[in-house]
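Novice: The residues making up each chain are set out below.
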Amino acid sequence: MNDPLAKLKRWFTGGGLLWPLLGLAALLAYDFAFVDGFFRLEVRDGHLYGTLIDILNQGSKTMLLALGMTLVIATGGVDLSVGSLMAIAGAIAAALVTQSEMSLALIVPIALCATAALGVFNGALVSVAGIQPIVATLILMVAGRGIAMLITGGQIVTFEHAGFVYIGNGHFMGLPFTLTIVALALGGTSLLMRKTACGLFVEAAGDNETASRFSGLPTRWVKLSVYAFSGLCAGLAGLIAASNIKAADSSRVGEMMELDAIFAVVVGGTALTGGRFNLLGSIVGALLIQTLTTTMITQGVPPAVAPVPKAIVIVAVCLLQSERFRNEVSGWFGKRRATA
Amino acid sequence: MRRYFPLMATFAVLIVLFGTASAMYDRFFTARVVANLFSDNAFLGITAIGMTFVILSGGIDLSVGAVLAFTMTFVASMVTEHSWHPVPAISLALALGVALGGGMGFLIQRYDLPPFLVTLGGMFFARGMAFLVSAESITIDHEFYTALQDIKIVVGPKAWLKAVALVFLSLLFGAVSLAHWTPFGRNIYALGGNESSARLMGLPVARTKIQVYALNGFCSALAGVVATIYMGSGNPAMGVGLELDAIACVVIGGTLLTGGVGYVAGTLGGVLIFGTIQSALIFDGRLNSWWLRIAIGVLLLIFILMQRQLSRMSAPTKN
Chain Z
1 MNDPLAKLKR
11 WFTGGGLLWP
21 LLGLAALLAY
31 DFAFVDGFFR
41 LEVRDGHLYG
51 TLIDILNQGS
61 KTMLLALGMT
71 LVIATGGVDL
81 SVGSLMAIAG
91 AIAAALVTQS
101 EMSLALIVPI
111 ALCATAALGV
121 FNGALVSVAG
131 IQPIVATLIL
141 MVAGRGIAML
151 ITGGQIVTFE
161 HAGFVYIGNG
171 HFMGLPFTLT
181 IVALALGGTS
191 LLMRKTACGL
201 FVEAAGDNET
211 ASRFSGLPTR
221 WVKLSVYAFS
231 GLCAGLAGLI
241 AASNIKAADS
251 SRVGEMMELD
261 AIFAVVVGGT
271 ALTGGRFNLL
281 GSIVGALLIQ
291 TLTTTMITQG
301 VPPAVAPVPK
311 AIVIVAVCLL
321 QSERFRNEVS
331 GWFGKRRATA
Chain P
1 MRRYFPLMAT
11 FAVLIVLFGT
21 ASAMYDRFFT
31 ARVVANLFSD
41 NAFLGITAIG
51 MTFVILSGGI
61 DLSVGAVLAF
71 TMTFVASMVT
81 EHSWHPVPAI
91 SLALALGVAL
101 GGGMGFLIQR
111 YDLPPFLVTL
121 GGMFFARGMA
131 FLVSAESITI
141 DHEFYTALQD
151 IKIVVGPKAW
161 LKAVALVFLS
171 LLFGAVSLAH
181 WTPFGRNIYA
191 LGGNESSARL
201 MGLPVARTKI
211 QVYALNGFCS
221 ALAGVVATIY
231 MGSGNPAMGV
241 GLELDAIACV
251 VIGGTLLTGG
261 VGYVAGTLGG
271 VLIFGTIQSA
281 LIFDGRLNSW
291 WLRIAIGVLL
301 LIFILMQRQL
311 SRMSAPTKN
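One line per chain: the protein sequences are Z and P, in this order.
So in the working numbering, spot 159 of the first sequence is number 159, and the numbers just go up one at a time.
So in the working numbering, spot 27 of the second sequence is number 27, and the numbers just go up one at a time.
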């Protein structure tokens, strides 16, 4: 395993990164052949512009959500509340920006702490009360949007705060600032998970909770932390979403985003059963969805019809992961070879 | 007796809520308000009944809101834009609902795929197809529909059950009989209780599982038809998040999300609780609609914690 090529190969195939990368490559190849100027990049005012940059920028919210969702799913759970938590983070930040004199350095941590605390609430329901994750996070998914509307008084709160607007629209080193946020979040999470024992704890708790607890692992704390982390990621995504449109739209922001995030994680090779995870795969999965969406927009497909190809990808990915389906397919090919 | 406790809790909450609202608002405690609970929540109730069966079998279905929207636009488009008679349009729409549900059930059963993801795919698919049929809301103007909308059964002074409420109530009686007096119903309970045991007992697990999703597909499509009668139009953006309301009603109705435990009658209680909160908010006028979401969230929390406690008490040897 010292051979770098073998290591690279294992890195691609072992972690399940091969399929999402192939999917992404196929989509990009299609764009290269059929969409004019898809790969054109230009520099204006020292900032890089182009469709590819748009995909990265637009996909930043899904990528952040997918990071948190990956760890939750790795423990065998799921977090349905992230879309509503996004709305809450946006509502808190917008309310504070417009109605108080607080500095942004205080407002951002407050909003993030609030969503992380709600994540702890999710985690407590799952790990302490022992409720199924789908049901436990359903509570905040239903009530969260109501809470966000309560904060903004049911209105769409608009703001012109330069610092806050920078989060979602600014540029850093020629690239959209959102990419810096995603890169920092991915880098930090990867380091924490792969260079410390944390990743092992998460995988152990998801693989066999009872065995992990008997071997001395505080599985309750592990679960509590991953839901808190997912809340934190959702908060970040919510701040970006609010900053993008310079407004907190509590009823619409983050709608269906939880499903996109779960989709990205599953496409990225993390199984819903837990026990194993692939952070980079989830990022690739999120980019795959965004590329699919952007491609359809550039091809003139009405945005409302866009869910149909998404549905096909989800079912295809599920089928590819199914043992029985793979056996059946290889059975067909076996027969064909026999008759030929 | 303990097995009926969640059911009693549901109806106790309903009575307390309705009583409080009656005490607070004039003219709340009337036959009219009660009758309207059934008409206004007919399509939510119908999806919740279908969802009860899916959850009893140990599964989940996220596609119901999107299937409702697809059925609405499909029927409206066929009647208004293609001049079909409503009867064949409705029949075809119901058949499509059964086909979509059965298809998802087949994938879930045969390839052992997670219901959550497959029905998520179904949701995206049906929502996209709804917008493909029509991007805009279509008004239905047909004498058959006018006749349906005029059907009323008087149940009290200024109170009547409309056609949509009658469909809801007939489906409810059908569903209760199906759950408790047919082999299919018993198979669902057995499947949700313990799939391996059900299979070892020789029950038709595979067939039952597919049938449950087909049944829910039918209920979602029927809810879509009822929604066209109720609203007089077909809207592709209708029913976003309806699946969550339906799941919430089922859980508040005392059905365990792990499957095998629960009653269709409880779901009726859940739907009526949902409707009562909504009517009370309308009567009040000062409270905003977001309180409905918060109230439902709090009720969900209370019921889930209560059920958790009950199942711990009834199984002391576990844990």
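Worth flagging that the hints you see were computed from the coordinates, not collected in a lab.
The beta carbon of each residue, even a glycine, is placed where N, CA and C say it ideally should be.
Hints are supplied without guarantee of correctness; some may be wrong.
[Unchecked claim] Cβ-to-Cβ under 7 Å is the rule here; a few derived chain Z residues that face chain P:
no.: 1; residue: R145
no.: 2; residue: M149
no.: 3; residue: V305
no.: 4; residue: G331
[Said to hold, decoys possible] Computed far set for chain P versus chain Z, every beta-carbon distance over 12 Å:
no.: 5; residue: S22
no.: 6; residue: V87
no.: 7; residue: G121
no.: 8; residue: G128
no.: 9; residue: A159
no.: 10; residue: D245
no.: 11; residue: S279
no.: 12; residue: N288
no.: 13; residue: Q307
[What the hints assert, rightly or not] Which chain P residues stay away from chain Z? Per the calculated CB distances, all over 12 Å, these:
no.: 14; residue: P114
no.: 15; residue: T119
no.: 16; residue: P157
no.: 17; residue: L166
no.: 18; residue: W181
no.: 19; residue: L256
no.: 20; residue: T258
no.: 21; residue: A265
no.: 22; residue: W291
Novice: Against each hint, give a clear statement of whether it holds in the structure.
Specialist: Each hint tested on the structure:
A distance limit of 7 Å between C-beta atoms decides the matter here; for R145 (chain Z) the minimum to chain P is near 6 Å, and the interface restraint holds. Proximity of M149 (chain Z) to chain P holds as hinted, the smallest CB-CB distance being about 4 Å (cut-off 7 Å). Hint status for V305 (chain Z): holds, given a least beta-carbon distance of 5 Å to chain P, under 7 Å. Using the Cβ-Cβ criterion of 7 Å, the hint placing G331 (chain Z) at the interface with chain P is not satisfied: the shortest such distance is roughly 14 Å.
With a least CB separation of 24 Å from chain Z, S22 (chain P) remains clear of the 12 Å interface cut-off, as annotated. At roughly 29 Å from the closest C-beta of chain Z, the C-beta of V87 (chain P) stays outside 12 Å, upholding its exclusion from the interface. For G121 (chain P), the shortest C-beta to C-beta distance to chain Z comes to about 4 Å, within the 12 Å cut-off, and the non-interface label is violated. Not every Cβ of chain Z is farther than 12 Å from the Cβ of G128 (chain P); the closest lies at roughly 3 Å, contradicting the non-interface assignment.
Residue placement check: A159 (chain P) keeps its beta carbon more than 12 Å from all beta carbons of chain Z (closest about 31 Å). Separation of D245 (chain P) from chain Z is inadequate, the least Cβ-Cβ distance of about 8 Å not exceeding the 12 Å criterion. Listed as a non-interface residue, S279 (chain P) keeps its Cβ farther than 12 Å from every Cβ of chain Z; the least gap is roughly 18 Å. Some Cβ of chain Z comes within 12 Å of the Cβ of N288 (chain P); the nearest lies about 5 Å off, and the non-interface call is violated.
Listed as a non-interface residue, Q307 (chain P) fails to keep its Cβ farther than 12 Å from every Cβ of chain Z; the least gap is roughly 9 Å. At the 12 Å boundary, the C-beta of P114 (chain P) falls inside the reach of chain Z, the nearest C-beta of that chain being 5 Å off. At the 12 Å boundary, the C-beta of T119 (chain P) falls inside the reach of chain Z, the nearest C-beta of that chain being 10 Å off. Look at P157 (chain P): its CB is around 35 Å from the nearest CB on chain Z, clear of 12 Å, so calling it non-interface holds up.
Residue-level check passed: L166 (chain P) sits 29 Å from the nearest beta carbon of chain Z, beyond 12 Å. No beta-carbon of chain Z comes within 12 Å of the beta-carbon of W181 (chain P); the shortest separation is about 29 Å. For L256 (chain P), the requirement that its beta carbon stay farther than 12 Å from each beta carbon of chain Z is not met, with the minimum near 9 Å. Against the 12 Å criterion, T258 (chain P) falls within the reach of chain Z, whose nearest CB is about 7 Å from its own CB.
Its beta-carbon lying about 21 Å from the closest one in chain Z, A265 (chain P) satisfies the requirement of being farther than 12 Å from that chain. The Cβ of W291 (chain P) does not lie farther than 12 Å from every Cβ of chain Z; its closest approach is about 7 Å, which violates its non-interface assignment.
The structure shown violates the earlier hints numbered 4, 7, 8, 10, 12, 13, 14, 15, 19, 20, 22.
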